[in-house]
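So the sequence lines, in the order shown, correspond to chains A and B. This note's numbering puts the first residue of the first sequence at 1, with every later residue one more than the last. This note's numbering puts the first residue of the second sequence at 1, with every later residue one more than the last.
FYI, nobody ran anything at the bench for these hints, they're computed from the structure. It is possible that part of the hints are untrue.
When chains are identical, the list treats them as one kind, so a pair holds in a single copy or across two.
What the hints assert, rightly or not - Straight line, CA to CA, 20 Å or less: simulated EDC-like cross-link-like pairs of lysine to aspartate or glutamate:
#: 1; residue 1: 259; residue 2: 228
#: 2; residue 1: 60; residue 2: 140
#: 3; residue 1: 221; residue 2: 336
#: 4; residue 1: 199; residue 2: 171
It should be emphasised that the depicted structure is a prediction, and the values quoted were computed from it without experimental measurement.
Protein chains: 2
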Amino acid sequence: MGSLKLHHELENDSHMMVIPLDPEEFRRQGHMLIDFIADYYQNIESYKVLSQVEPGYLKKLLPESAPYYPESIETILQDVRKYIIPGITHWQSPNYFAYFPSSGSTAGFLGEILSTGFNVVGFNWMSSPAATELECVVMDWLGEMLMLPKSFLFKGTTCEAILCTLAAARDQMLNRCGSEKMEKLVVYGSDQTHSALQKAAQIAGIHTKNFRSSHQNYEVKLVHADVEAGLVPFFLCATVGTTSTNAIDPIGPLCEVAKDFNIWVHADAAYAGSACICPKFQATDSKLVVDYKDWQITLSRRFRAMKLWLVLRSYGVANLRNFLRSHVKMAKLFEELLRNDNRFEVVAPRNFALETRKKEVLPWPNDNNVANQVECANELNKKLLESINGSGNVYMSSTMVDGAYIIISIGQSPQYALGQGPDC
Amino acid sequence: MGSLKLHHELENDSHMMVIPLDPEEFRRQGHMLIDFIADYYQNIESYKVLSQVEPGYLKKLLPESAPYYPESIETILQDVRKYIIPGITHWQSPNYFAYFPSSGSTAGFLGEILSTGFNVVGFNWMSSPAATELECVVMDWLGEMLMLPKSFLFKGTTCEAILCTLAAARDQMLNRCGSEKMEKLVVYGSDQTHSALQKAAQIAGIHTKNFRSSHQNYEVKLVHADVEAGLVPFFLCATVGTTSTNAIDPIGPLCEVAKDFNIWVHADAAYAGSACICPKFQATDSKLVVDYKDWQITLSRRFRAMKLWLVLRSYGVANLRNFLRSHVKMAKLFEELLRNDNRFEVVAPRNFALETRKKEVLPWPNDNNVANQVECANELNKKLLESINGSGNVYMSSTMVDGAYIIISIGQSPQYALGQGPDC
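So here's chain A without its partners, still in its complex pose (with noise of 0.2 Å):
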């Protein structure tokens, strides 16, 4: 390219026959890397999918200090083959089970692929017209998809959604309550919440002591409790589809407490794969095209658009639901499997069809002290999922819920099966 090929002419080192974008070089290896990509998912499943590596592996395998001469791509795909995939968890494997679903698809890949090769920075619509434009279409498809309302607006991460709403609602509520009544702001969640919005709270300087985690859906009287106290309750996040559990908080008695109190509530539907969600900025009313640096914390901005729409245009949205529809089966087979063993108790109604949990409840101790009891089958669970992941030919995670261990077993998800990265 022009400005490289300047660049080399200034440059009598010899080091210097590099050229950074070649597009024939890059044509050559990308065709290598494509082929080890390829060849990494027909072998997947020969890998133990929970790494088994120990802490620190790695800095004993590689040199102190970056190379001072250039290395071939040949070298490094070796070393990536040698010292990386050994390290690897296999979030992609079909032996994975556990945290998130599994999210990998080709047309997903791809759409990566070609948004990392026009490599913009869309942080306005000026920066790269068709980062923005295409956004603003696939989110309209997606809203489409998912029957939301057109004034809904799509953040990029659920972590940075519940940060600027959480930032959205406590200036609205100084605005109306003054700016001293900061220290006094209560944000509400269960203890099922997902902790990106407890440390959502902490970024945004809301005190330790106000953050509500209600245990059983006893926010009402939680809120009821910090007015009578001179506290100001301002945000509540209800969550559909928990990470622990898949619970669905009881969204409509919430909103009723919330609508007397002026209380903003988001609802956190991540995990059960709805996009996230957060009323409009007004700032964007007016405005003839979208910046979206204004929508976010960073400037910059992927062109994540890409991927979601070789997503959706790969497979259509007749795949996409029978995509989950066929992993509903699939819930509902190992649901039933578990049902009619008698050693698991499946002890979380399956939502969404994201989960079964099953759990080891004999033998049981012999005496009839019950927190024996529990503690017992919390053992006897904790061995299991430890025998289970360490032989490394499937992977489960485990939660507490009312001090029962439990394991689980996630399959796959709507907001991975639209091809969402692991920006989650």
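Based on the hints, put chain B in the right spot on chain A.
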């Protein structure tokens, strides 16, 4: 892949012939995409560097809803050529001299593709040890290259770095002087400080009337005035290489004052190419492993280290240094051309060899009113830049300094030479 074949078997819907992660299909489409991007760079100089589209152009060209049935990758890539490329401002073009420098490199792209390919969600060590550990290794490499002390910590983006340090400084100060002082906290920057500071202050809950944007380093006077007024100065952002004039704030003197009042000094060197600066959080000291989710706003983290690793290894420190030196030479050359042309004036010193500026000063209007002269010169500069950018052959940006409209031409930056993406 297993799970997907199973889900395929569960479905009798003819549309479900698509298998989202079939390695051979990924291989076929991946190779097509690599050629598509290689061809894009082969022809990049043939495109108008600044997109010539009108706002709303894309909505008219694309369907109102997501397609119900799948479309082929061939069709999609055809649409990318027809509808997307005309709407792209070509940041990687050798004719692009606006905003940030071009950042693309083959190794950077391959690193992104590899990171995308593994698609791991690195929110804690266990979720993919290699992602966390490789980041530690390459950040040490980079720190050594930049001769930074070991205690430095790298954030995902400049904006995130400023917000996280601001929140940490805020809580540190409130612990010292009491949370009721929240609305008294004052943040200081210069009128050339990046807008990220103001955004961060707003998110962190700093009262808007307590945000000081000082002109020509009057921060010291402002601090004394605020202390006398009973306010609490707590955060000062000094910039090493402002985005507008690439000016360097007098860090030494500022730190002296800051020390007297326990003010946290944040040095923003993002644009000058240094990595983000942010004191190590105490919380991570005792940990055996690092959980990056505790260091950032979002929960998860891309496998970004893969990109920097490939860049450092593919080019080596020697080439990266030469790469920067060659751009210093180009900037010097350009500056000489301007100095030898009496129609132009270089109005700000060329720092870091990242920029030169030129300002149309002739012809002067035929009166002695200086205000009119400045206005007229500004008008001429504006017209000049519009005609340059309007041609679509070159893209440059502008800034206002002391009421003067100045045209900016931006070269290459170390940060970008290191292959960092557009997440700044």
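Structure-based check of all given hints:
| no. | hint | result |
| --- | --- | --- |
| 1 | 259 x 228 | within (17 Å within a copy, 42 Å between copies) |
| 2 | 60 x 140 | between (49 Å within a copy, 14 Å between copies) |
| 3 | 221 x 336 | neither (38 Å within a copy, 73 Å between copies) |
| 4 | 199 x 171 | both (18 Å within a copy, 13 Å between copies) |
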